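Undergrad: Produce the complete structure using the sequences and hints provided.
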Amino acid sequence: MRDTLAAPPARTQAPLHHLTEPQRLDRSLIEQLLQATSDFEQRAGQAQDRLQGRLLATLFYEPSTRTRFSFEAAMHRLGGQVLSAQNAGQATSALKGESLEDTIRVVGEYADAIVLRHPEIGAADRAAQVARISVINAGDGAGHHPTQALLDLYTIKKELGRLDHLRVALVGDLRHGRTVRSLALLLAKFPGNELVLVSPPGLRLGDDVRGAIGAASIHETDDLTGVVPRLDVLYQTRIQAERFASADEYGRYRGIYVVTPELMRRLSEHAILMHPLPRVGEIEPQVDADPRAAYFRQARNGLWVRMAVLDWAMTP
Amino acid sequence: MRDTLAAPPARTQAPLHHLTEPQRLDRSLIEQLLQATSDFEQRAGQAQDRLQGRLLATLFYEPSTRTRFSFEAAMHRLGGQVLSAQNAGQATSALKGESLEDTIRVVGEYADAIVLRHPEIGAADRAAQVARISVINAGDGAGHHPTQALLDLYTIKKELGRLDHLRVALVGDLRHGRTVRSLALLLAKFPGNELVLVSPPGLRLGDDVRGAIGAASIHETDDLTGVVPRLDVLYQTRIQAERFASADEYGRYRGIYVVTPELMRRLSEHAILMHPLPRVGEIEPQVDADPRAAYFRQARNGLWVRMAVLDWAMTP
Amino acid sequence: MRDTLAAPPARTQAPLHHLTEPQRLDRSLIEQLLQATSDFEQRAGQAQDRLQGRLLATLFYEPSTRTRFSFEAAMHRLGGQVLSAQNAGQATSALKGESLEDTIRVVGEYADAIVLRHPEIGAADRAAQVARISVINAGDGAGHHPTQALLDLYTIKKELGRLDHLRVALVGDLRHGRTVRSLALLLAKFPGNELVLVSPPGLRLGDDVRGAIGAASIHETDDLTGVVPRLDVLYQTRIQAERFASADEYGRYRGIYVVTPELMRRLSEHAILMHPLPRVGEIEPQVDADPRAAYFRQARNGLWVRMAVLDWAMTP
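Going down the list, the protein sequences come from chains A, B and C.
Numbering of the first sequence is given in our numbering, commencing with residue 1 and proceeding in unit increments.
Numbering of the second sequence is given in our numbering, commencing with residue 1 and proceeding in unit increments.
Numbering of the third sequence is given in our numbering, commencing with residue 1 and proceeding in unit increments.
Careful: at least some of the hints might be erroneous.
Non-contacting residues of chain A with respect to chain B, defined by C-beta distances greater than 10 Å in every case (computed) [claimed, not checked]:
#	residue
1	Ser38
2	Arg210
3	Ala289
Label pairs and their in silico Cβ distance ranges [what the hints assert, rightly or not]:
#	chain 1	residue 1	chain 2	residue 2	range
4	B	Tyr250	C	Leu16	52 to 58 Å
5	A	Pro119	B	Gly122	54 to 60 Å
6	C	Glu284	A	Asp248	50 to 56 Å
7	C	Gln42	B	Gly45	47 to 53 Å
8	B	Tyr250	A	Gly281	41 to 47 Å
9	C	Ser28	A	Gly281	54 to 60 Å
10	A	Asp248	B	Asp290	47 to 53 Å
11	A	Pro316	C	Ser28	42 to 48 Å
12	A	Pro316	B	Tyr250	42 to 48 Å
13	B	Glu120	A	Pro316	41 to 47 Å
14	B	Gln32	A	Gly45	52 to 58 Å
To give a feel for the contact side, a few chain B residues facing chain A, derived at Cβ under 7 Å [said to hold, decoys possible]:
#	residue
15	Thr65
16	Phe69
17	Ser70
18	Glu72
19	His76
20	Leu160
21	Arg162
22	Pro278
23	Val287
24	Ala289
25	Pro291
26	Arg292
27	Ala293
28	Phe296
Calculated directly from the structure, the hints in this document are not laboratory data.
Only a predicted model underlies this, so the values are computations on that prediction, with no experimental measurement involved.
We put the CB at the ideal spot given by N, CA and C, even for glycine.
TA: In structure tokens, the structure reads:
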């Protein structure tokens with residue numbers, strides 16, 4: 001009977017493995033997760049049954065087929081099953097006014113781990129405080145997106161061979177972009193990394209992240225073209241239309257930084273271009289064929305990273 | 001090849017096991033289902049494969065992540081697989097004007113049982129009349145919610161040791177609240193139970209349920225504080241905002257009965273506080289820590305009850 | 001470990017098996033798929049594990065519980081697992097402005113095949129051009145719906161014993177009806193078939209399909225009653241409300257052709273009445289009991305056809 005789901009295990013006393021705020025990941029846990037990621041990638045094509053008999057709940061209060069699919073694919077590739085809420089904000093008790101905490105408590109009675117995407121900063125942390133099962137933050141508003149940051153690290157390591165002494169430009173909407181906020185925190189945990197922040201004045205990286213990183217390793221500019229030549233990683237992001245109060249305000253920023261074939265000519269041969277996707281014009285399609293354009297490889301790495309994170313979260 | 005789904009079995013001549021109207025459940029079937037529930041709970045942590053090779057369709061025309069997840073978790077915990085429609089009213093042929101009957105006929109060709117939530121009273125019964133597979137009512141408007149009533153019975157039995165000679169207050173919106181409507185019917189099938197109905201005049205329990213129960217065992221009041229001391233079960237419910245014609249009408253009722261720590265002081269030591277959840281303010285969060293607050297344990301029981309119901313519905 | 005999903009296999013050099021435009025299906029492939037369909041139907045009730053370890057992504061940008069369920073049921077009946085997007089247009093990066101191509105590229109990193117429903121004509125073909133995995137068209141606007149046409153062929157073969165020298169009336173909205181557009185193309189690949197097109201002047205079959213079929217085998221009329229007696233197949237369709245610019249325009253066509261018991265009296269004993277469903281009044285419910293009413297049997301055939309198509313699409 002190994003091939004079916006067990007009923008939920010007796011409540012364990014072991015501490016839960018939540019993944020909510022990237023700042024709490026220490027370097028040794030990061031390296032452990034990246035090693036597990038690599039192990040899963042090496043075993044691609046081999047059946048895995050490490051999470052057989054386990055049930056993952058994906059609770060998405062904001063739309064994202066991409067991220068949800070990558071977690072659900074990871075769970076299935078590990079032999080587990082999934083409960084899926086694609087639009088939890090409209091298709092749930094949330095509509096009736098239930099608190100996030102109550103929802104988490106109840107879902108915790110049915111599943112073995114929760115992947116949560118929510119529009120409010122700090123939502124995953126609030127969930128983790130009441131949950132009886134592990135909570136994984138798949139994006140909390142303009143807060144953080146730690147599994148994206150882990151897959152970004154994994155991509156950099158795989159493409160460039162190291163995670164330290166790198167010059168990385170983070171470009172675009174650094175105020176609302178949770179992926180770059182999380183990535184900046186994680187890169188700062190490795191020695192010698194320099195972050196070049198490229199954003200218009202209104203979209204600068206928040207003080208919370210700056211404070212955690214320390215000013216010494218940050219350079220700031222709004223001139224993309226000028227900084228490109230000396231980079232190891234050019235990390236482009238989308239202007240987050242959904243975070244602006246008005247279409248006018250969004251319109252002011254949209255299209256200010258676009259990666260073109262011309263810009264790519266200024267980028268070193270050894271460097272890579274990354275993007276968390278989706279993109280809406282900030283990388284021209286002609287760039288896709290450039291071997292330094294790593295964003296689809298990056299997306300693929302999401303599968304292995306999420307296998308590693310789910311395996312860790314559901315193994316006491 | 002035991003570990004995969006079989007194609008749908010040949011149509012059997014055995015009668016289908018529908019669960020639509022709680023009134024049709026006789027006491028012996030109720031006790032059989034509660035015993036099966038207990039058996040599944042005892043075996044928590046052991047893999048079950050009783051529904052391996054079977055496919056459940058969850059058709060939700062009204063939003064509910066909670067109830068849908070509990071059925072889908074139950075199906076997975078029994079080794080089965082799920083087809084899931086989270087918002088069938090908007091994401092289905094319903095939008096094109098198809099009758100519920102036609103939808104049920106077609107889904108009946110693909111799955112082995114249907115769990116249906118629908119805004120119209122009687123919808124599950126209509127579905128059962130045309131279905132070639134078992135139909136389970138997961139809520140039909142202001143009609144009934146029989147699996148919730150079963151899990152309520154199971155919770156009472158487990159917490160208090162018996163299902164008869166109890167004094168149970170049903171509190172709140174008894175007109176629209178399908179969970180209390182169904183629970184009242186099931187409690188009346190056991191001897192000596194007294195129902196105390198606590199609701200404002202406009203939200204009284206419907207005559208259909210009263211008629212089935214008989215007036216002898218019903219007491220009615222709008223004074224919650226006065227009835228609390230002598231209760232075995234205080235069953236609080238939500239005012240059903242979505243069933244009122246206007247926000248004004250809802251506003252008139254919202255917040256009239258709230259369970260506070262003060263009220264809990266009047267409740268017997270041996271009694272329990274139940275709620276079908278979600279709640280939106282009618283139980284203060286400080287009450288959660290009270291050991292008599294049974295509502296999260298109640299939610300957990302939903303898993304075992306639904307395992308028992310699905311197993312019964314899909315076993316000829 | 002046969003009973004769990006393998007990680008995605010190494011990229012194969014074998015050509016992918018896309019199913020996007022019915023015109024590209026040659027007669028030998030059609031016959032191969034219909035034979036596989038028959039084999040799966042014969043083995044109904046036996047567990048299948050041919051797609052064990054494989055993952056199907058269903059991406060529906062237009063609502064359809066029916067078609068999505070039939071693909072997902074087919075995948076589960078073959079032992080596979082599913083990633084499901086019920087409302088991809090609202091719950092995905094599409095909302096953020098991502099191109100269909102980028103979505104397909106990323107989903108192609110997580111799954112082993114994609115079933116796509118999309119409101120734009122040609123969307124499935126565009127998807128297939130960038131996908132690293134097989135793409136199956138489950139409806140592209142007013143374009144095509146090839147798996148529906150295959151199940152229609154399978155139904156005709158099963159009910160009437162042959163696919164050639166048939167007189168088939170296609171009735172209703174032939175301009176927007178992708179199921180009849182695809183069926184017309186496939187029927188024309190078998191010798192001796194005569195198509196009787198019955199539609200009001202504004203809803204005639206498009207020139208693209210006419211051109212591919214050739215005028216010789218087409219008869220056109222707007223008089224349904226007159227053509228019924230000599231038919232082998234009466235294929236009724238729904239007027240596609242969602243494709244009209246205004247409710248007024250839709251109202252002009254709605255209800256012009258209705259199959260009644262009276263009309264059925266004019267139909268030959270050996271003939272059948274088909275409909276792709278959903279229906280909204282164009283077949284009266286009293287007709288359902290007529291043994292020549294084949295539409296629910298037709299829906300059931302959808303399961304076996306989709307098993308055959310998925311098996312073909314995921315087997316190099």
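Undergrad: Does the structure break any of the earlier hints, and which numbers would those be?
TA: Hints 5, 7, 9, 11, 14, 20, 21, 23, 24, 25, 26, 27 not satisfied by this model.
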